[in-house]
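Q: If you want the building blocks of each chain, they are given just below.
There are 2 protein chains.
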Amino acid sequence: MAMPAVIRSAQEMQSRSRQLRQAGRRIGFVPTMGALHEGHLSLVRAAKRECDEVVVSIYVNPTQFGRGEDFDRYPRNLDRDLQLLAELDVPWVFAPTDSEMYPAGFDTWVEVGRIAQPWEGTFRPGHFRGVATVVLKLFHLVEPDVAYFGEKDYQQLLVVRQMVRDLNLPVEIRACPTVREPDGLAMSSRNQYLSPRERQDALVLYRSLCLAQERVSAGENDARAVTAAMRELISSVPYAQVDYVALVDPETLEEVTIIDRPVQALLAVRLGSTRLIDNMRIVPPSR
Amino acid sequence: MAMPAVIRSAQEMQSRSRQLRQAGRRIGFVPTMGALHEGHLSLVRAAKRECDEVVVSIYVNPTQFGRGEDFDRYPRNLDRDLQLLAELDVPWVFAPTDSEMYPAGFDTWVEVGRIAQPWEGTFRPGHFRGVATVVLKLFHLVEPDVAYFGEKDYQQLLVVRQMVRDLNLPVEIRACPTVREPDGLAMSSRNQYLSPRERQDALVLYRSLCLAQERVSAGENDARAVTAAMRELISSVPYAQVDYVALVDPETLEEVTIIDRPVQALLAVRLGSTRLIDNMRIVPPSR
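So the sequences go chain by chain: Z and P. UniProt numbering puts the first residue of the first sequence at 1, with every later residue one more than the last. UniProt numbering puts the first residue of the second sequence at 1, with every later residue one more than the last.
Calculated from the structure, these hints are not laboratory results. All figures in this text were calculated on a predicted structure; none of them were measured in a lab. Don't be surprised by glycine CBs; every beta carbon is placed ideally from N, CA and C. A couple of the hints might just be wrong.
[Stated by the list, open to error] Here are the simulated distance ranges between beta carbons:
1. Gly24/P <-> Gln200/Z: 54 to 62 angstroms
2. Gln11/P <-> Ala23/Z: 18 to 26 angstroms
3. Phe123/Z <-> Thr252/P: 53 to 61 angstroms
Taking the hints into account, I'd like the entire structure generated from these sequences.
A: This is how it looks when you write it as structure tokens:
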């Protein structure tokens, strides 16, 4: 089990993928910010199943963090990440430096419109601009046939899809299901921030999503009633701060009032200094 | 001499270029808005010299025109364009429809920063956003190895270069010299708008650029004195309206005060309802 080689240079990344493409290899790409967990590894496994070559990038992208957010303390552990990828026989990873990705004078941004504005876009201004820009740069460097994203970051998935469609990128975007801990907590690199107490209380996110499905399965079709129940459950953790809890159209992210079709439940909750997001497809009973 | 085939569909364009690339062909790309003249044809000839395949696009991009600009009356003559390209043995052109390029729901934009702000950026707000966005889309559809732009649109060339560098696009940008009429007027599709009188008076643009070089060659190194002389010459056409006349750093487009190195002279002048731009490298005498 050899450790993956680490490519630091954008130019070297580009020439490697160019060679792979010219050899007719189908490239699967898994962009990550490192601190890998089972969610990331499920993306790598999907890429391995479906493609000839897998490229994993590890880059904590500064431009998608706002002032006062957790860029500085975001977990970084390249050695452990490489170990995990070695177990999946990933031969090399792209882990560029900041100066490779954003050299002096960098001055071009990708702006995705409406789909990037509500929810995370409201609470993290500039976040999706940073995401769209770095994902586009990585796509140009890796030139993948398929790129893998987790449904855990649901709005990010839609933002990337919108960008790919609008800019005619020759990349297929594959969404993979959220991977959860045995007790239901969605896997996230940020779970490392949680104290034991917070880790326990963080279960209210998943439990409130399950509660939404229960209520809807039981016949509730008023979205306000469902989100009120979710908020009430979350408030059982007195120090939990809700950024948003919403039931939205799964494509447009517009809030729904009547649940007469599948909807996406989205939420963002702060527990102490840790901000967690989660989401779930909520399906009404067939009549 | 067969007429070039016309590809209307973005998807067909993408699959054609994909095939060419997989066959190891080097693709040269000449993006145009049609109404082809010798300037465009010089780009096609350069692409033919340097590449295995030449792709010409013809698309009057609505998003780079502002309100009140000349989108509606911009010259369109596909048959004549195809005839000219047939003479150069161009086998097919990409001439997409608006609904192919901007389907309903289109909502992603590329914003290039400082280099896009002065000069044309000031007088045509949103222009370079439209240019950068459509050029990026075309690059994704054509996947060229080299793309050809005229120096006539000098700031556009720098905007495209900035975008390519910042977004790690695997495309080489080649600049080709401005092609002029025998009397010096820079070739432009918009020259068709000029009345015979305006056509004659339009020579002040070129003459003022030549005057700048003369003054600088004669030892003038004060940029204000040079632009004042240029403006005075232009004012010999009483109805000419100057948008800007400037001597700038050829890389940053920042205005210079002392001409102690090569500078770029830029100008935009309106003659009746026609707006013309031109530019020239101005080189001081070596000491």
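Q: For each hint, tell me whether it holds in the structure or not.
A: Comparing the hints with the structure gives:
{"no.": "1", "hint": "Gly24/P <-> Gln200/Z: 54 to 62 angstroms", "verdict": "holds (59 angstroms)"}
{"no.": "2", "hint": "Gln11/P <-> Ala23/Z: 18 to 26 angstroms", "verdict": "holds (25 angstroms)"}
{"no.": "3", "hint": "Phe123/Z <-> Thr252/P: 53 to 61 angstroms", "verdict": "violated (36 angstroms)"}
Hint compliance for this structure: hint 3 is the single one not met.
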